[in-house]
Every structure is written in structure tokens, then in C-alpha cells.
Amino acid sequence: METRFDEVILLIKQARSNAIKQVNIELINLHWQVGAYISSKVANAVWGNKTVTELAAHIENYQLKIDQIQLCQHC
1 METRFDEVIL LIKQARSNAI KQVNIELINL HWQVGAYISS KVANAVWGNK TVTELAAHIE
61 NYQLKIDQIQ LCQHC
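The UniProt record's numbering numbers the first residue of the sequence shown as 1 and each following residue consecutively.
Source of the hints: derived by calculation from the structure; they are not laboratory data.
Note that this is a predicted model, so its numbers are computed, not measured.
Be careful, since some hints might not be right.
To be verified - Taking lysine to aspartate or glutamate pairs in the EDC-like style, the calculated list, with each CA pair at most 20 Å apart, reads:
(1) Lys21 x Glu2
(2) Lys13 x Glu2
(3) Lys50 x Glu60
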């Protein structure tokens, strides 16, 4: 096995890991923001269950289904 390039490989692996962590942080923040937004609308009686269901369908139509986002398929 070629060991003279091990440090470069390690740098690549660390950068990839850091990138994945940052993406995960942003997705967690997104989940909290969306949840807070929906909760606020429901709590203030602006939205009901039907509206939340319609929102879910709307998101799915635009292929933004949050629970199906796959990270780093090609990493």
C-alpha cells in the first residue's frame, strides 16, 4: 500500500467529514425552523390539520420532502 499519500488522504477524509457535519447541522436547523413555523401557525389558530396536510403535499410536489433528503450520495 502506498503510504506517502496517507496525509493527503487523511486531509480529504477530514474535510469530507466536516462538510457532512455542517450539512447535518443545517438540516437540523431547518427542521427546527419549519417545526416552529408550523407550530406557531397551529397555536395561533391560523392553520388547522387540513392546512398542515396540504403543506406536506405541497412540499412533496416540489420534491423538497425533508425526511427523504439524502446526504452525500456521491461522497
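The hints, checked one at a time:
For the hint linking Lys21 to Glu2, the alpha-carbon distance of about 29 Å lies beyond 20 Å, and the restraint is violated. For the given pair, Lys13 sits about 16 Å from Glu2 by alpha-carbon distance, which is consistent with the 20 Å threshold. For the hint linking Lys50 to Glu60, the alpha-carbon distance of about 15 Å falls within 20 Å, and the restraint holds.
In summary, the one numbered hint that this structure violates is 1.
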